[in-house]
Amino acid sequence: MATISVPPRPYDATAVRPGWADLPADLRAAISARLGARVNWASTAGGGFTRGFAGVLQTVAGDRIFVKAASLVDQRHLSDWYAREAAITAVLPAGLAVARPRWTLTAAGYHVICLDAIDGRMPGLPWTPAELTATLGTYATVAAALREPSAELAALGVPRLADLARADLAWWAELAAGRETLPDVPAVARHRLPELATLEARLPGYADLPSMIHGDLRVDNVLVDPAGTAWLCDWTWLCYGPPWFDLASLLVTGYASGLDADALFATHPAAQDAPADGLDAALAALSGYWLIRAAAGPGTGSPHIRAHQRWSGETALGWLAERRGWH
Numbered sequence: 001m002a003t004i005s006v007p008p009r010p011y012d013a014t015a016v017r018p019g020w021a022d023l024p025a026d027l028r029a030a031i032s033a034r035l036g037a038r039v040n041w042a043s044t045a046g047g048g049f050t051r052g053f054a055g056v057l058q059t060v061a062g063d064r065i066f067v068k069a070a071s072l073v074d075q076r077h078l079s080d081w082y083a084r085e086a087a088i089t090a091v092l093p094a095g096l097a098v099a100r101p102r103w104t105l106t107a108a109g110y111h112v113i114c115l116d117a118i119d120g121r122m123p124g125l126p127w128t129p130a131e132l133t134a135t136l137g138t139y140a141t142v143a144a145a146l147r148e149p150s151a152e153l154a155a156l157g158v159p160r161l162a163d164l165a166r167a168d169l170a171w172w173a174e175l176a177a178g179r180e181t182l183p184d185v186p187a188v189a190r191h192r193l194p195e196l197a198t199l200e201a202r203l204p205g206y207a208d209l210p211s212m213i214h215g216d217l218r219v220d221n222v223l224v225d226p227a228g229t230a231w232l233c234d235w236t237w238l239c240y241g242p243p244w245f246d247l248a249s250l251l252v253t254g255y256a257s258g259l260d261a262d263a264l265f266a267t268h269p270a271a272q273d274a275p276a277d278g279l280d281a282a283l284a285a286l287s288g289y290w291l292i293r294a295a296a297g298p299g300t301g302s303p304h305i306r307a308h309q310r311w312s313g314e315t316a317l318g319w320l321a322e323r324r325g326w327h
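Letter by letter, the sequence shown follows residues 1 to 327 in UniProt numbering.
Hints are computed from structural coordinates only; laboratory data are not their basis.
Among these hints, one or two may not hold up.
Claimed, not checked - What follows is a set of in silico ranges between Cβ atoms, one per label pair, in the way DEER data are often shown:
1) Ala42 x Ala130: 14 to 20 Å
2) Leu156 x Gln272: 23 to 29 Å
3) Pro226 x Thr141: 50 to 56 Å
4) Gly297 x Gly109: 26 to 32 Å
5) Pro126 x Val91: 42 to 48 Å
6) Ala13 x Arg166: 32 to 38 Å
7) Gly297 x Ala61: 42 to 48 Å
8) Thr198 x Ser32: 20 to 26 Å
For every residue, glycine included, the Cβ atom is placed at its ideal position computed from N, Cα and C.
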């Protein structure tokens, strides 16, 4: 029987963020004014690893929307991310299961984006077959729609995964060359640093494609609605790259759920043109990044992020080791 592993904390309970009542009164007033009615109910998102406000608001008029807000002073990187997400979701192809932006607002020193509220919940782990099938189906549609990006998407000037991989997904090479201190990584990695470095070095060449991808496809960026449709959220990291990279990132939790992740990857439309060792290259790059980040010490976001990165890195490495026959 396949081994099942779950993260140290459920993905829908990782967030440490302000609630609606914690936001400055002037900001709440500005948001209510933009909505045209007073907010009488608010629910803070439990998932995520940043400290920006994110939650569903409902007005006395019955309108329900999803709002994100970040300080332009203390959380400038977050406010920039939110602005980027609004710009991206506004021009994604029609017909995709993606929350669309309604408006943006700058008030009281904050940047705010308002999107459609999706009536759904994050899939639990281990994955259920129905929710994973729905998510893979939605991603097949999304990947097909982004294989030839529109002029509006191209005009956004999004980065290329090939460049991102060279800059931030090449940690095994740093460790193998002694330029980075080896953290407490699983024994299978300590004994195979050159092989891991060789695999991750193939990703930039494989990733240099004209198609676009989500860039951060994980279980906590998915919502499944009551009808069983999976919606993809958090579009901050759209980039040029191969859709099979998104698929590899998502299926790390499929492997952790004891599923045949190899078969799920190989039979998915997004992997139809993946190189023979493309999945291995992606898993090597992702595992190195997550394990190094996990060893970085406390950050400014959620206190749960390092444990999740550690779990993700070990899971991706375990999947890679099984595929390669490493012991």
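Each hint tested on the structure:
no.: 1; hint: Ala42 x Ala130: 14 to 20 Å; verdict: violated (30 Å)
no.: 2; hint: Leu156 x Gln272: 23 to 29 Å; verdict: holds (26 Å)
no.: 3; hint: Pro226 x Thr141: 50 to 56 Å; verdict: violated (19 Å)
no.: 4; hint: Gly297 x Gly109: 26 to 32 Å; verdict: holds (29 Å)
no.: 5; hint: Pro126 x Val91: 42 to 48 Å; verdict: violated (35 Å)
no.: 6; hint: Ala13 x Arg166: 32 to 38 Å; verdict: holds (35 Å)
no.: 7; hint: Gly297 x Ala61: 42 to 48 Å; verdict: holds (46 Å)
no.: 8; hint: Thr198 x Ser32: 20 to 26 Å; verdict: violated (56 Å)
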